[in-house]
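With chain A's structure known, arrange chain B on it following the hints.
For reference, the chains in residue letters:
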Amino acid sequence: MTLAIDVHQLTRRFGSFTAVDAIDLDVQQGEVFGFLGANGAGKTTAIKMLIGLLSPSGGTARVAGFDVLTQTEEVRRRIGYMSQRFSLYDDLTVRENITLYGGIYGLTDREIRERSDAMIDKLGLASSAKRLVRTIPLGWKQKLAFSVAMLHRPSVVFLDEPTGGVDPITRRQFWEMIYAAAADGTTVFVTTHYMDEAEYCDRLSIMVDGRIAAQGTPVELKSEFGVASIDDVFVQLARPAAAEAGR
Amino acid sequence: MSEPGSPVVVRALSKTFGKTRALDNVSFEVRPGELFGLVGPDGGGKTTLFRILATLMLPDEGSATVLGRDVVKELWEIRARVGYMPGRFSLYPDLTVEENLTFFASVFGTTREAGYELIAPIYRQIEPFKDRKAGALSGGMKQKLALSCALVHRPEILLLDEPTTGVDAVSRREFWDLLGALQTSGLTVVVSTPYMDEALRCQRVALVQKGRLLAIDAPGEVGGRFPGDLYAVRGTPRHALIGVLREFPHAVSVQPFGDTLHYSDARTGLGVAELTAELATWTSARGIHDFDMQPIEPGIEDTFMALMGGVAE
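Protein sequences appear in the order of chains A and B. Once you know that position 102 of the first sequence is 105 in the working numbering, the rest is easy, because the numbers rise by one and skip nothing. Once you know that position 283 of the second sequence is 286 in the working numbering, the rest is easy, because the numbers rise by one and skip nothing.
If you're looking for bench data, these hints aren't it; they were derived computationally from the structure. Hints may contain errors.
[Said to hold, decoys possible] DSBU-like mimics (lysine-lysine), calculated; alpha carbons at most 35 Å apart, straight line:
hint : chain 1 : residue 1 : chain 2 : residue 2
1    : B       : Lys22     : B       : Lys76
2    : A       : Lys125    : B       : Lys213
3    : B       : Lys22     : B       : Lys213
4    : A       : Lys125    : B       : Lys22
5    : B       : Lys22     : A       : Lys133
6    : B       : Lys213    : A       : Lys133
7    : A       : Lys51     : B       : Lys133
8    : A       : Lys51     : B       : Lys22
9    : A       : Lys51     : A       : Lys125
10   : A       : Lys225    : A       : Lys51
11   : A       : Lys133    : A       : Lys51
12   : B       : Lys133    : B       : Lys22
[As the list claims (entries may be wrong)] Now the in silico label distances, taken between C-beta atoms and shown as ranges:
hint : chain 1 : residue 1 : chain 2 : residue 2 : range
13   : B       : Lys136    : A       : Asp235    : 47 to 55 Å
14   : B       : Lys133    : A       : Gly33     : 46 to 54 Å
15   : A       : Asp112    : B       : Leu59     : 45 to 53 Å
16   : B       : Leu61     : A       : Phe228    : 38 to 46 Å
Ideal Cβ placement from N, Cα and C applies to all residues, glycine included.
If we strip away everything but chain A, and leave its shape as in the complex, we get:
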């Protein structure tokens, strides 16, 4: 079976600085994969290469079965992407945002209409469909942004810190949406600074200074490092690197 994300020796240099240093990743279809790392470890650079926004300096990456460098359009058609902020247009209403993205993803008018109705209903936003996104609570926005990133039924969805600043109940509802997407076969590639959320992933990789310092299931990683939580694993790996870099 084709891997959802298949990365070999992927590297990106900026001048003399190596932001991503020969990383390998193999993510199965339908997996919830957590991508952790300290600020500046290279996570964002790696994700930008995986979604075709930045070309690698070396190595290969295939996403949804296509090469990110030579088949960028094929990749883009099969992925969804949600960043912590700026995923939605504040000056458009809930429904207008869905329609806009439906158009960008090349859905037909009928598909857009049907999927908008289903999504608004599922999110409980029926009475807010005509509200400007600016005026709805952050938690609703993030759930809407995730649904919009899933509008064209991508096979892989990238979520970059989707739950930052969100209330604890919404944060958990968000993870239930992630589980539901994974149960439907979508691969979820997610970054977070909440270490309890790292425990919700099927597998994790932890980046330190451009390299992947550890990879495995949460249970494997905790046993490998002999600690009780992923937070402790993260601190063990990232603390020496942080001290060295003066972060």
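The following block gives chain B in isolation, referenced to the frame of chain A:
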């Protein structure tokens, strides 16, 4: 009555933007030398509160004093004595680390050298990068520089609005170590955060949501406000376990927490063994194996969710 010398006294403070009640009749006091936390999600009113305390915004109703001075009538008195670190953009990205510090010192009519002793433990960590543009610093380093800039004029109180938002778990720990050291030296620190685990580092915390304070207490006491008993439940497959437990007729709340689920039951006075047996039978009949449950002490996040009424914003 407010205690003499309380560095922050807030009385029935309200602020409305259009239809949004950003602060709704908020009252609290911060004690001298305290590390006081305002904990809650974005949009809860924390930033509005800080802006009022920093004399950058006027309240609609109620009153507030900082260091005994009124935030409306005595703003200049307050500004000279407060170190304020706003949540976003508190540095000039085009200036170097050193230039930022020099600038903030000069705004307050002092010099980098005069304030150096206080900021040294923090600034020394970023001094090797003093010629780097602030915009090119990592998240953790930016926060340390912003803290140095807020301290350079030797304030009597620090107001820090979400200094650790978007900062990784390691840099956050280091930042809280620094705040602990500042508090030990006698400085009063008021700090906000959306990360519930960080509340444990404060002497007292206020849980803030939708413009209201849900509770004010020592972090160790907040868990005691959780209604009923709480259990950590495990089972495989985990995703399915959430749904299976929620269908249990007596379930009040079922929430994922790290590698467990936190479960509370509507009935009181039920023995642990009895409840465990009931839930083991219920879950195993619905395809769950490796079932295990243990009673646990509720934490701040458990209480926060319970006080939210179990309903998202």
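Do the hints match the structure? See the list:
no., hint, result
1, B/Lys22 <-> B/Lys76, "holds (27 Å)"
2, A/Lys125 <-> B/Lys213, "holds (24 Å)"
3, B/Lys22 <-> B/Lys213, "holds (13 Å)"
4, A/Lys125 <-> B/Lys22, "holds (26 Å)"
5, B/Lys22 <-> A/Lys133, "holds (17 Å)"
6, B/Lys213 <-> A/Lys133, "holds (22 Å)"
7, A/Lys51 <-> B/Lys133, "holds (29 Å)"
8, A/Lys51 <-> B/Lys22, "violated (39 Å)"
9, A/Lys51 <-> A/Lys125, "holds (30 Å)"
10, A/Lys225 <-> A/Lys51, "holds (29 Å)"
11, A/Lys133 <-> A/Lys51, "holds (33 Å)"
12, B/Lys133 <-> B/Lys22, "violated (45 Å)"
13, B/Lys136 <-> A/Asp235: 47 to 55 Å, "violated (35 Å)"
14, B/Lys133 <-> A/Gly33: 46 to 54 Å, "holds (49 Å)"
15, A/Asp112 <-> B/Leu59: 45 to 53 Å, "holds (48 Å)"
16, B/Leu61 <-> A/Phe228: 38 to 46 Å, "violated (52 Å)"
Hints 8, 12, 13 and 16 from the earlier list are contradicted by this structure; the remaining hints agree with it.
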